[in-house]
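Those protein sequences? They're chains A and B, same order as listed. The opening position of the first sequence corresponds to residue 1 in the numbering used here, with each subsequent residue numbered one higher. The opening position of the second sequence corresponds to residue 110 in the numbering used here, with each subsequent residue numbered one higher.
Don't read these hints as lab results, they were simulated from the structure. Take the hints with a grain of salt, since some may be wrong.
To give a feel for the contact side, a few chain B residues facing chain A, derived at Cβ under 8 angstroms [as the list claims (entries may be wrong)]: (1) TYR157; (2) ASN159; (3) PHE200; (4) PHE215; (5) GLY216.
Glycine included, every Cβ here is placed at the ideal spot set by N, Cα and C.
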Amino acid sequence: QKEVEQNSGPLSVPEGAIASLNCTYSDRGSQSFFWYRQYSGKSPELIMFIYSNGDKEDGRFTAQLNKASQYVSLLIRDSQPSDSATYLCAASGNTPLVFGKGTRLSVIA
Amino acid sequence: DAGVIQSPRHEVTEMGQEVTLRCKPISGHNSLFWYRQTMMRGLELLIYFNNNVPIDDSGMPEDRFSAKMPNASFSTLKIQPSEPRDSAVYFCASSLGGLRTDTQYFGPGTRLTVL
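Let the hints inform the model, and build the full structure from the sequences given.
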């Protein structure tokens, strides 16, 4: 059973702080990793994807991948109240995406 | 550009009735995915199509669920007969091609309530 695990939260951070979201996956064959953001009552939207070990930065967002530890993370710098949402981690190899249940982030103004 | 289109956006039905959910993928996308999302189980893949052909339906919960993709611009997910435990948000997503690297774009979802 391929699984992606996330802490359900809620994770509360003050405005301007760094939010750190973590994810582990069970399938060592997973090669691609995605972070989706889902606002309440809305559909998931892609924030970032990462394929290689290390860090990938896009604006205020940094994705980190450690394949040896089967660990993916998302850092959000200078968190804003508009970042409050559920963040879904997903992994795929030669099979479709497997999603985690998501971490709810609350940024307090 | 139009994104993934789903209809209806909300559906309320009674147990035992047939329910049909519809999806129009983004033009030019070759892969289509149906998901179900609940608080308890999160986002679950039900079935996916590539070039209109069902590739993996192992996520379809039981024989009451069926999906078709008669052409590149239309897909349906049917539940017959519906049960209260089918209440969930059903998302359709499409991607340009390959599974490993292509971004999936989600439709707005259909919120299904079975009474």
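Quick rundown of the hints versus the structure:
Against a cut-off of 8 angstroms between C-beta atoms, the interface hint on B:TYR157 holds, since the closest Cβ of chain A lies about 5 angstroms away. Hint on B:ASN159 is violated. Least Cβ distance to chain A is approximately 10 angstroms, over the 8 angstroms limit. The beta carbon of B:PHE200 is positioned within 8 angstroms of a beta carbon in chain A (closest approach about 6 angstroms), and the interface hint is therefore held. A least Cβ separation of about 4 angstroms between B:PHE215 and chain A falls short of the 8 angstroms threshold, and the interface hint therefore holds.
Because the beta carbon of B:GLY216 sits about 6 angstroms from the nearest beta carbon in chain A, less than 8 angstroms, this interface hint is met.
Hint check: a violation occurs at hint 2 only; the rest are consistent with the structure.
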